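Chain by chain, the residues run as shown.
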Amino acid sequence: MQLREIHIDGFGIFANKRIKGLAPGINIIYGKNEFGKTTLLEFIRRILFGFPTKKDKTNLYLPVQGGSLGGSLKVLLQNGENLVISRVPGTHGGTVRISTPGEVLQGQSVLNHLMGNASKDIFRNVYAFTIDELHDFNTLNGDEVKNHIYGAGLGLGNVSLKEIEKEIETYCTQIFRPRGSSQMGELLEKIKINEQEILLIQKNLPLFDELQEKLGRMLNQKLTVLNSLEDRESGKRTLETQVRLYEDTIHFLEAQNKLETLADLSQFPENGLKTFESLKQEEKNLALRIEEEQSALQALKNNRDALIVNHDLLRHEESIHRLQQSTQSVSSALKDSDRVQNEREDLDFHIAGEIKSIDRGWNEETVMAFELTESENALVDGFYDSFESLRKDRDLYQDRLESHRRLAAEKMSEGWNIPNWLKMFHYGLTAIGVLGIILGGYLMNIPLLMVAILLMAGGIFLFKKIFKEKNSFAKEDLVEKNLACQREQKEKEWNDKFDEWREWLKERKLDPSIAPITAKNIAKTALQVKATIAQRARLDERIQQMETTCQEARERICSLEPLVKNVSLNNDLPANIEIICQAFDESKANRDRSNHLENQYQDQAGKLARLENQLENISNDLAQFIRSSGAKDSLDFLHKQSILEDQNFLKEKIAQKREIIQSNVGLGLHFDKFIKAIQTAPLEEIKQKLSRLRVELEELHSDREQLLQDIGETRNEIEKLSSNNELIAKQTQLEFLKQQLQSLAREWATYKGALVLLDAAKQKFEKTRQPGVIRSAENLFSQITGGNYHRIIKPIDQDDLLIENDRHERKGVLEMSRGTRQQLYLAMRFGLINEYETHAEPLPAVMDDVFVNFDDERDERIIKILSQFSKKRQVIVFTCHQRSLEAYKNIGATPITV
Amino acid sequence: MTAFRFIHCSDLHIDSPFKGLASQVPSLTERLRESTFQAFHKIVKLALEEKVDAVLIAGDIFDGADRSLQAQLKFRRGLQELSQEGIPSFIVHGNHDPSNSWSHTLDWPEGTTIFPGNKVERFPVMRGGKTLAWIYGISYPQKEVNENLALKFNKDQTQGFAVGLLHANVGQQPGHDNYAPCSLQDLISRDFDYWALGHIHEFKILREDNPCIVYSGNSQARHLKETGPKGCCLVTLNSGAPANIRFVATDVVSYRSAKVDVSGNSSINEVLLAIQSQVEELAKESLTHEGLVARLVLTGRTALHNELQSPGTAKALEEETNTFFEGHSPWVLVDLSTQTSGTYDIDSLKEGKDFIADLINLCEDDQDKQLERKIQETMKPVFKSWAGRKYLDTFSAEEIQAVTLKARNLALGQLVNRENS
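Which chain is which? The protein sequence lines are A and B, in order.
Okay, so the first sequence: first residue is 1 according to my numbering, each after it adds one.
Okay, so the second sequence: first residue is 1 according to my numbering, each after it adds one.
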């Protein structure tokens, strides 16, 4: 493939750029620095192999001067076909179109086919490279490139040995890896698990034996346990019977022992006790009755003796009757005495009071002696009337005088009779004075001022004088004088009459200060006092009578007092009378009752004597009966009787207990054995034995249960083991797995062997046959270096290149100079292109001016080599050096200026 | 003329798994497992049908290493059937089932005699109150018995037939452990009427008469290497007449190997058809069996080599075939492997001057076995240091050669075939 035209729609700095005239052989594109050679190189790469995307993080060369990204290349194929390859951006590197004269094709694969399936890597790294990329060995190190370096020479065509090795290695690792998962590893895991499972199942065999033995042992144990269970059950029953009947047996034994100790009483009457008791009861009843009767007799006697009869009192029966009769009068006398006495004292007091109200010097005799006649009464009335009329007259005058004085006083209150002119005069004087002072003060006229002061002082003095002597302006009152004289007259008349009244009073030995009306009243009072004194005299008489009655009664009581208890002379009379009467009545009743009791007492004594006789008879009968029974006395009889009863009771008890025991344990030997067992062991011991036995039994029962369960379980387990059919299944599985492992191991060995063979072949190949790439490059490199280095060696296992000189000295890449290294890489690229194109469409080689680091000698040689190289394919070189341009022109390069 | 009829069998290996099968068909696995027991059951049935006087079992009744309780229980079940019919059974332990590998608590049915391991004992077989024969025998007390047990047998009874029951390797037969080794002469010298032998898994009459010395072989093959019919011997000893020994096959599964040449096949489908027709042929030959396990190896130069080599292809073919024969009688289980090579011409290839030529020449010029050693070296991670190595058989010299060849074919297959494509 050769480029004919480059048309850039838009790419980096280029827009709508067309480069024409590209010819076969070397084309030298000349331009100054930064004219865009790298851009152009990249454009060619991308049109052929696609635009990168943003994801690729590389320069996208977006158009900076307009135009849309993309463009086309006009190419000529080896077969003479003309094509236009155009590309616009899009997915998967953009849309590529290949326009042939006949049709328009599309797609990268079509293009790839046209380019002899050269890969992007090959083109980018081998065909089209910048000066920077030339330096870099890594650009030759891509898998694709590397494989081509060797593969092309291995005689394997497109086959990549590496790929085959990689594939086989992958199989190997899939089958086996020392670590990590692999088919064999997984199988081994399965085998191990399987083996574990088998081991587990295989334990079934010893387990089966173990279980069988265990079962045998347990069956024996079961038998033993059942036997001892039976033994203990029967023992338990025996002990339980012992416990249950223990009390009965003990009673039985005790009764037997006791019976043996009791005396023989065969003589004693069978039913003696009944007779004995009836006699005894009778005797007892009698004795009790006698006792009762005696106490009744005693009670009668006591009652009789307790009765007190006052015979002395009974002898004063008549006197007591009288006293009884006087009771009413005495008590009324005593009741009235105080009231009458009080009445009399009241009268006394009243009399004295009345007398005192008349005059302090008066007494009862004075009163009795005072008496006013009718004339004297009229005289007193005359005095009274005169006094009354005189007093009225005097009061009349007095009233008149007072009213007159009031009127005069009212007149005085209206003010003083000072003449107006006088008032006006002293006011005027004063006013002038003041005016004069003001004027004088104003005018500062001392004389005027002085005059004015004098005038004012005169005014003030006049005012004072008038005020002081204002009363001198009043008049004299004659009416008042006349009225006062008349009142004095009447006063004197009243005094005279009064003296006359006093004189009368003195004659009558009355108080001279009393009024006539009072004198009349005294007379009335004296009359009343006289009546009261008469009343008092009647009361005194009555008091005398009452005292006599009481005295009589008192004398009688005095005579009876020694005979009656509780009578005191200090007591009031009626009480004493009552006491005496009561005592008398009581004595009289007691005397009657005493007589009655005495009769009863006599009857009781007789009855008692009869009863005592009866008792004696019965006692004799009893004594005779006791003696007949062989007892000494009644106590002995009773003792013997109780022994007899005990014997009977014991016999009955023994029989009863024996029956109970025998019904439980049987007769004869069993019974004796049982009794003996009870006799030898206390209850506590038996109970302890029993509880021990019960515990043992419980344990045995649970042992048996456990055993039965265990036996069942063991049988089940044995059954389970016997029916377990898994072992053979697992073993078969294991055999399968083992065989699979075996097969895999052999497969793996085959793959591994294949790798060994390939490696050995590779080594042999490396030794005996250098790849065509190396040989081709070797030739070029030798030419470039002027024969300094004639061999390039690529160790088959290393990513390194060695060069060898005539003296067989070798240098690695790192030891080479920069120029030599670049030359080596160039040679390698040319070698690779040569090799590659032996079986593929030649592609244009596009490169930077790569000669800048070469010395002139080598430069020349390279140009020559390039000239040779370009005979088979198109070469496009970018340069910015005029020197290079000329040099290329010299070898017939087509110059193109951008 | 009295006759003593009995069945002589050995190496029952009840419940012992089948070996060497890398593939399995779940529906057939159980049948395969049951085959050893079924074979024994056939023996029991034969004894009952033929109403024999006794059944003699010459050791290796099961694999002691399996420690299978089930095997012993199954065995006992068979003995019970014999016991119920009054047929006595006489048993010795072999190297695979020495005394110490048996359950000691299992109770054996009446009429079962298990010989002790410390000395040779004898027990009579009675008929009608008369002693028909004396069975002499000794068991293996443990797995390895290296002394000559035959010499311990001494005939001390003149009445009835004398039969020796022994598990031994007579005349150092190859392929079998040399336990209780003895010579044919040792046995002849004992003056017995019949030697019922066990240990060798192949029916062999070592001596026809006076005495008869017979290996009954195992009753059921358990390995692809165990070819030929498997069964037991129905023996009739006659006084004054030669013994009658009849081999009766008892195996229920037939093991067969065959090669299938696929060089003429141009497609996988054709290969499949070739496999099927081969299997059908084998199945026809195994009509008396319940099942057939066929190991097939694909051979020949074929363009399908690479395809057949690629992982999974053989497996797929195998599965396809097994599916195809599902429900077939006898049932079929195919185990498939490949030993094909590519169609390239080795002779012309090795004349080239390229990498392939180098590769072929390297293999052919490997006179000092350097290459094989290298291959063995690379195998060490698996066969020498890997934890699972104990499950792997070591390579024999032939196998190494085969692997090398296979490896070469593999590499060539890759290189040449890719080049062509």
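These are calculated hints, taken from the structure and not from any lab test.
Check before you lean on any hint, since a few could be wrong.
In the EDC-like style, the derived pairs of lysine to aspartate or glutamate whose C-alpha atoms are separated by at most 16 Å in a straight line are [to be verified]:
#, chain 1, residue 1, chain 2, residue 2
1, A, Lys-764, B, Asp-107
2, A, Lys-730, B, Glu-202
3, A, Lys-280, A, Glu-616
4, A, Lys-730, B, Asp-107
5, A, Lys-214, B, Glu-34
6, A, Lys-730, B, Asp-365
7, A, Lys-651, A, Glu-81
Chain A is nowhere near these chain B residues, computed Cβ spacing over 12 Å in every case [stated by the list, open to error]:
#, residue
8, Arg-5
9, Asp-15
10, Asn-148
11, Ser-277
Treat the numbers as computed from the prediction; the structure is a model and nothing was measured.
All C-beta atoms, glycine included, are put in the ideal place defined by N, C-alpha and C.
We went through each hint and held it up to the structure:
With a CA separation close to 72 Å, the supplied pair A/Lys-764 and B/Asp-107 exceeds the 16 Å bound. With a CA separation close to 27 Å, the supplied pair A/Lys-730 and B/Glu-202 exceeds the 16 Å bound. Distance hint between A/Lys-280 and A/Glu-616 is fulfilled; the C-alpha atoms sit about 12 Å from each other, no more than 16 Å. Proximity of A/Lys-730 to B/Asp-107 is assessed by CA-CA distance (about 27 Å); at most 16 Å being required, the pair is judged violated.
Straight-line distance between C-alpha atoms of A/Lys-214 and B/Glu-34 comes to about 31 Å, which puts the hinted pair past the 16 Å bound. Distance check on the hinted pair: A/Lys-730 and B/Asp-365 sit about 47 Å apart at the alpha-carbon level, beyond 16 Å; violated. The straight-line distance between the Cα atoms of A/Lys-651 and A/Glu-81 is roughly 156 Å, outside the 16 Å bound, and the hint therefore fails. With a closest Cβ-Cβ approach of about 33 Å to chain A, B/Arg-5 is found to remain outside the 12 Å limit, as its non-interface label requires.
Residue-level check failed: B/Asp-15 sits 4 Å from the nearest beta carbon of chain A, not beyond 12 Å. At roughly 31 Å from the closest C-beta of chain A, the C-beta of B/Asn-148 stays outside 12 Å, upholding its exclusion from the interface. Listed as outside the interface, B/Ser-277 is consistent with that label: its C-beta sits roughly 25 Å from the nearest C-beta of chain A, beyond the 12 Å cut-off.
Violated hints, listed in ascending order, are 1, 2, 4, 5, 6, 7, 9; each of the other numbered hints is respected by the structure.
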